[in-house]
Amino acid sequence: MKKVVSLKEAIGIINDGDMVSFGGNVLHRAPMAAVREIARQHKRNLRIVKTAGAQDVDLLCAMDCVQSVDAGFISYETKYGLAAHYRKGVQEGRIKGNEHACYTVICALRGAAMNVPFMPVKGLNAGDLLLKNDYFVVVEDPFGGEPVTLVKSLMPDVAVIHVQECDIKGNSIIHGPKFEDILISRAAKKVIVTTEQIVPESKTRLNAERVDIPGFLVNAVVHVPNGAAPAACYRKYEVDDQSLSAFIAMKTKEEIQEYLKGYETKDYVGERMAGRIW
Amino acid sequence: MKKVVSLKEAIGIINDGDMVSFGGNVLHRAPMAAVREIARQHKRNLRIVKTAGAQDVDLLCAMDCVQSVDAGFISYETKYGLAAHYRKGVQEGRIKGNEHACYTVICALRGAAMNVPFMPVKGLNAGDLLLKNDYFVVVEDPFGGEPVTLVKSLMPDVAVIHVQECDIKGNSIIHGPKFEDILISRAAKKVIVTTEQIVPESKTRLNAERVDIPGFLVNAVVHVPNGAAPAACYRKYEVDDQSLSAFIAMKTKEEIQEYLKGYETKDYVGERMAGRIW
Amino acid sequence: MVNTDYRISDIMTCAIANMLRDGETVFHGVSSHLPMVAMMLAKSLHAPDLVHLNIPGGVNPGSIHKSSYSSAGSDLLASAESYFPLEQVFDLSMRGKLDVAFLGGIQFDIDGNINASVIGDYHKPKVRLPGGAGSAVLIPTAKKAIIWRTKHDKRTFVENVDFVTTRGNLWRIVTPLCVFEFRNGKLHLESIHPNSSLDEVRENTGFELLYDEIKYTEPPSKQELTMLKKIDPHDYRSIEF
Amino acid sequence: MVNTDYRISDIMTCAIANMLRDGETVFHGVSSHLPMVAMMLAKSLHAPDLVHLNIPGGVNPGSIHKSSYSSAGSDLLASAESYFPLEQVFDLSMRGKLDVAFLGGIQFDIDGNINASVIGDYHKPKVRLPGGAGSAVLIPTAKKAIIWRTKHDKRTFVENVDFVTTRGNLWRIVTPLCVFEFRNGKLHLESIHPNSSLDEVRENTGFELLYDEIKYTEPPSKQELTMLKKIDPHDYRSIEF
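Residue numbers (this note's numbering), protein chains in the order written: chain R, 1 to 278; chain F, 1 to 278; chain W, 1 to 241; chain V, 1 to 241.
Just so you know, the hints here were simulated from the structure itself, not pulled from any lab data. Any given hint could turn out to be false.
[Stated by the list, open to error] Take a look, some chain V residues computed to stay more than 12 Å from chain F by CB distance:
#1 8
#2 18
#3 91
#4 111
#5 122
#6 183
#7 198
#8 206
#9 211
#10 213
#11 223
#12 227
#13 234
#14 240
#15 241
[Said to hold, decoys possible] Label pairs and their calculated CB-CB ranges:
#16 R/2 <-> F/210: 27 to 37 Å
#17 W/203 <-> F/241: 37 to 47 Å
#18 V/120 <-> F/140: 46 to 56 Å
#19 V/48 <-> F/266: 41 to 51 Å
#20 W/221 <-> R/210: 51 to 61 Å
#21 W/229 <-> F/269: 42 to 52 Å
#22 W/66 <-> V/62: 33 to 43 Å
#23 V/216 <-> R/257: 50 to 60 Å
#24 R/142 <-> W/127: 30 to 40 Å
#25 W/127 <-> R/140: 33 to 43 Å
#26 R/141 <-> W/223: 51 to 61 Å
[As the list claims (entries may be wrong)] With a Cα cut of at most 20 Å, we get these calculated SDA-like pairs of lysine to any residue:
#27 R/96 <-> V/120
#28 V/126 <-> R/68
#29 R/132 <-> V/168
#30 R/169 <-> W/23
#31 R/236 <-> V/69
#32 W/143 <-> F/126
#33 R/96 <-> V/125
#34 W/124 <-> F/131
#35 F/251 <-> W/127
#36 W/126 <-> W/155
#37 V/66 <-> R/241
#38 V/124 <-> R/64
#39 W/66 <-> F/78
#40 R/96 <-> V/127
Where is the CB? At the ideal position from N, CA and C, for every residue including glycine.
Same shape as in the complex, but just chain R (with noise of 0.2 Å):
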């Protein structure tokens, strides 16, 4: 019945061969400690699921966690330039990219939320992705309209999400954009919610119309102030500049391993009040 765990706890939650979906988009609230843990905790063929990454699928790609990736980008922003970690794996043919549009992934994630084996996508009528990836299929419309893209549900084991405010049941607000984090906690079979901030129940009830994720979808959740880090949260802090492009001038495991040894503390600076009794 404890929500509130260490990090190594929670990302224990996650098998080795499970669809992960992270939140935050890019740069932004991406949950990175947790994605630090997974690779600490050596998961393996890892199937990631996310509109649009960076460091977080970067970084799994970079220490063999991953099988696949279902994205519909996946990139620095212009100043700190591309993924050459995922790059590298799918090129070297150890990593399956499965190229989306974004909306596909939504798509697709949304059929998870309603648990159906498809969800029909206006848009996507032309180009090789339709040819080349078993996940879309054209079919007639049976109500008798034009022929209709189908793309195949993502349902994650997992979904990881980073909020600002947590309370012990689980009750999550995210403030500033939510990206598709909303909809990964409805799509995952399960949610691990790292958080800025632990908050008294009292203060999710005064706020209960602005709770985004509700305490009974979560099965984990973690204190992990900076948990975004390096990317950015909203309202707590930027993007850390230094860390990001010293880990983009990282060339083998060996240098990020120790990059991860380097958030060890910070990471784990929450394991206190994981212990506490609430």
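Given the coordinates of chain R, work out where chains F, W and V should sit on it, guided by the hints.
Same frame as chain R, but now just chains F, W and V:
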């Protein structure tokens, strides 16, 4: 460009034969002033879409404005009994009662919001609704799973929604339960908002994250305090028991015409606002 | 045997409350005061972590004192701990994560067919009923579908329903006289309320009564009745009677 | 003819701004500083009721001064007038209500094929590109799809793209040298920027140049340059150069 108009002008947007969807739920925040104006303007052959309706649907059925009703539930709640005019219309064959499962209305509106001709629905896999209605069809899953039920999308021409706060651009904030209002605002081609209060743009901007319907989706804004009465409006007023009970006791169109007349002063009180230069 | 300290509405409310387990996600809809009170009762006594879901989206409302005319009103959100509206409750059930759903209906038969739609022909009905609301998707997907009905007569429990709004996978039906359990594809008499008798149930049921043994529903306890007065002081549980 | 008062980024920004009409709904995505500035410019000058849409969901952000490293950041919501996130922008485009979408791409050919996916084979790529993001659904559905690209060379404007991420229905391509228009199924040279020439465009384009007449892109006006300094003081429009 001027969106703030009189109730008469706003309802003028609706054409005979249109598919119209109302906000609110049963006795809560139904756009009753707009519904009364639809009746006064003698709209004909409207195709009504709502998960769960009460006086809104019943009144329009009484006044012969309705061709069909797609809904999961049409009735007042326990205390106020059944929707007599709707029942009578369906029983006499004047109105087509297309029964849904509330959720299939939701799915059909999701289909409209995504502009796809149908939506897959888990759950509806047994019973006569599936057999008797041509808007449901069961198909093979092209990805190889179990057969899947599809519901045909319902694409409203107009959504009519009553809110507590709206600015002159149409940015609308709903307090309390939103029911399916946000969905219908996305599913419909045009959106009419009636509002308890027209608030300054500076106020909606301060609450930008809480805006439920962005102004660019809204075609007409009407200032109608008490515009949901005799239904309830959260933080503004409860159900008007006397008015509702009186209506439910009425049998003839003449009685209801008088009832509608009795509301004219109240319903048109916002006209002056529409005339003002903003 | 009739105890004047409690009414049929109390028996039904307590019987339903005792069907709910701690931690379960439980949904009630519109015109559902009795199950709403039963959920609050269960939560107040043996199921503190029950998750109360409803149409306006108020998760675990703190109070139902203001729900006089509606079990789908804003008051349920005003005192809630989070917002999870109807749309998403349905999605939740589709994902197999809704433990209990409370649903209504007008006619039931021994095979678990439920009619909430029409009397007579669907396209030319003699009587158009309000409609099954969530039933047709929730009964097949909720883990336990509980139907309550404040009438128990031969027009309600019939040999064959006029129309099958949905069927199968219901779990219990609670009436003023008894509780039915649906198992192996048939309705079985699970327990008779202390205010009723086998004869009375038989006389008011239009199909054969199946049962292994005659059991009686546990009467409301003193603790339950005391708690009911506290959580439902305006007696909303009796609105339908 | 070269005016040293403005740079190529200014020409492109102003050219794009002038393609936007008042009242239009316009979306830009990630890594899209230049079109973002162009939208703000249009809105500040001739299109006050343009509706600015973006990934974080900030409708009509009041300022873009804080968007230094990202055109998908929270700052766009912090100063916005309402919230309308990416999911819904896509739905809007599917419904035919998105007037303009800004998209990227790595390779383009004369038939309007766009590659943002791979160089080489899709399943065994020589180079895995970032991906088309919204392109594959927005180019077919937005009323006007504008592509901007800060490189104009024969590796970008090719005879045949390696992979068709999407095709058709694009409207304009804006490069450092010129503007292409897509009409009757072919890319046509619409106008040459004042800093370039027909020869330069031809030398850097891997396909035949189609045109009816030689036109030049309007150079940035004084008013535009003054406004650019105000709305984009940190020169984000030049980030990609």
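These are the hints, each one checked on the structure:
1. Every CB of chain F is more than 12 Å from the CB of residue 8 of chain V (nearest about 33 Å), matching its label as outside the interface.
2. No beta-carbon of chain F comes within 12 Å of the beta-carbon of residue 18 of chain V; the shortest separation is about 22 Å.
3. Distance check on residue 91 of chain V: its Cβ comes as close as 5 Å (rounded) to a Cβ of chain F, failing to clear the 12 Å threshold; non-interface status is violated.
4. Distance check for residue 111 of chain V against chain F: the nearest CB is about 27 Å away, which clears 12 Å, and the non-interface claim stands.
5. No Cβ of chain F approaches the Cβ of residue 122 of chain V within 12 Å, the least distance being about 20 Å, so the stated non-interface status holds.
6. The Cβ of residue 183 of chain V lies farther than 12 Å from every Cβ of chain F, with a closest approach of about 25 Å, so its non-interface assignment holds.
7. No Cβ of chain F approaches the Cβ of residue 198 of chain V within 12 Å, the least distance being about 41 Å, so the stated non-interface status holds.
8. The beta carbon of residue 206 of chain V is kept farther than 12 Å from every beta carbon of chain F, the shortest such distance being approximately 36 Å.
9. Residue placement check: residue 211 of chain V keeps its beta carbon more than 12 Å from all beta carbons of chain F (closest about 36 Å).
10. Residue-level check passed: residue 213 of chain V sits 36 Å from the nearest beta carbon of chain F, beyond 12 Å.
11. At roughly 24 Å, the least C-beta separation between residue 223 of chain V and chain F is larger than 12 Å, which holds for a residue marked as non-interface.
12. At the 12 Å boundary, the C-beta of residue 227 of chain V stays outside the reach of chain F, the nearest C-beta of that chain being 22 Å off.
13. The claim that residue 234 of chain V is not at the interface with chain F holds, since no C-beta of that chain comes within 12 Å of its own (minimum 23 Å).
14. The non-interface label for residue 240 of chain V is consistent with chain F: the shortest C-beta to C-beta separation is roughly 29 Å, beyond 12 Å.
15. Every beta carbon of chain F lies more than 12 Å from that of residue 241 of chain V, the smallest distance being close to 32 Å; the non-interface claim holds.
16. Look at residue 2 of chain R against residue 210 of chain F: about 33 Å separates their beta carbons, and that is inside 27 to 37 Å.
17. The hint said 37 to 47 Å for the Cβ distance between residue 203 of chain W and residue 241 of chain F, and at roughly 38 Å that hint holds.
18. In this structure the hint that residue 120 of chain V and residue 140 of chain F lie 46 to 56 Å apart at CB is violated, the actual value being about 36 Å.
19. Remark: the range hint 41 to 51 Å for residue 48 of chain V to residue 266 of chain F is contradicted by a beta-carbon distance near 36 Å.
20. Between residue 221 of chain W and residue 210 of chain R the beta carbons are some 39 Å apart, a value that contradicts the proposed interval 51 to 61 Å.
21. As the Cβ distance of residue 229 of chain W to residue 269 of chain F is approximately 44 Å, the hint placing it in 42 to 52 Å holds.
22. With their beta carbons about 40 Å apart, residue 66 of chain W and residue 62 of chain V fall inside the hinted range of 33 to 43 Å.
23. Take residue 216 of chain V and residue 257 of chain R: their Cβ atoms lie about 56 Å apart, and the range 50 to 60 Å holds.
24. Under the hint 30 to 40 Å, the C-beta atoms of residue 142 of chain R and residue 127 of chain W, about 32 Å apart, fit the expected range.
25. Take residue 127 of chain W and residue 140 of chain R: their Cβ atoms lie about 39 Å apart, and the range 33 to 43 Å holds.
26. Take residue 141 of chain R and residue 223 of chain W: their Cβ atoms lie about 59 Å apart, and the range 51 to 61 Å holds.
27. Proposed proximity of residue 96 of chain R and residue 120 of chain V is supported: the alpha carbons are some 15 Å apart, at most 20 Å.
28. Note on residue 126 of chain V and residue 68 of chain R: the hinted pairing holds, with a Cα-Cα distance of about 17 Å set against a maximum of 20 Å.
29. Annotation: proposed proximity of residue 132 of chain R to residue 168 of chain V holds, straight-line Cα distance about 19 Å (limit 20 Å).
30. A hinted pair counts as satisfied when its Cα atoms are at most 20 Å apart, and residue 169 of chain R with residue 23 of chain W qualifies at roughly 12 Å.
31. Restraint check for residue 236 of chain R and residue 69 of chain V: satisfied, since their Cα atoms lie roughly 17 Å apart, inside the 20 Å limit.
32. Between residue 143 of chain W and residue 126 of chain F, the direct Cα distance comes to roughly 16 Å. Compliance with the 20 Å bound is thereby established for this hinted pair.
33. The suggested pairing of residue 96 of chain R with residue 125 of chain V holds, with an alpha-carbon distance near 11 Å, which does not exceed 20 Å.
34. Restraint check for residue 124 of chain W and residue 131 of chain F: satisfied, since their Cα atoms lie roughly 15 Å apart, inside the 20 Å limit.
35. With a CA separation close to 18 Å, the supplied pair residue 251 of chain F and residue 127 of chain W stays within the 20 Å bound.
36. Restraint check: the Cα-Cα separation between residue 126 of chain W and residue 155 of chain W comes to about 15 Å, which is no more than 20 Å; the hinted pair holds.
37. For the suggested pair residue 66 of chain V and residue 241 of chain R, the alpha carbons sit about 15 Å apart, so the restraint of at most 20 Å is met.
38. Annotation: proposed proximity of residue 124 of chain V to residue 64 of chain R holds, straight-line Cα distance about 18 Å (limit 20 Å).
39. For a cut-off of 20 Å, the pair hint linking residue 66 of chain W to residue 78 of chain F stands: about 15 Å separates their Cα positions.
40. Annotation: proposed proximity of residue 96 of chain R to residue 127 of chain V holds, straight-line Cα distance about 13 Å (limit 20 Å).
Of the hints listed earlier, those the structure fails to meet are numbers 3, 18, 19 and 20, in rising order.
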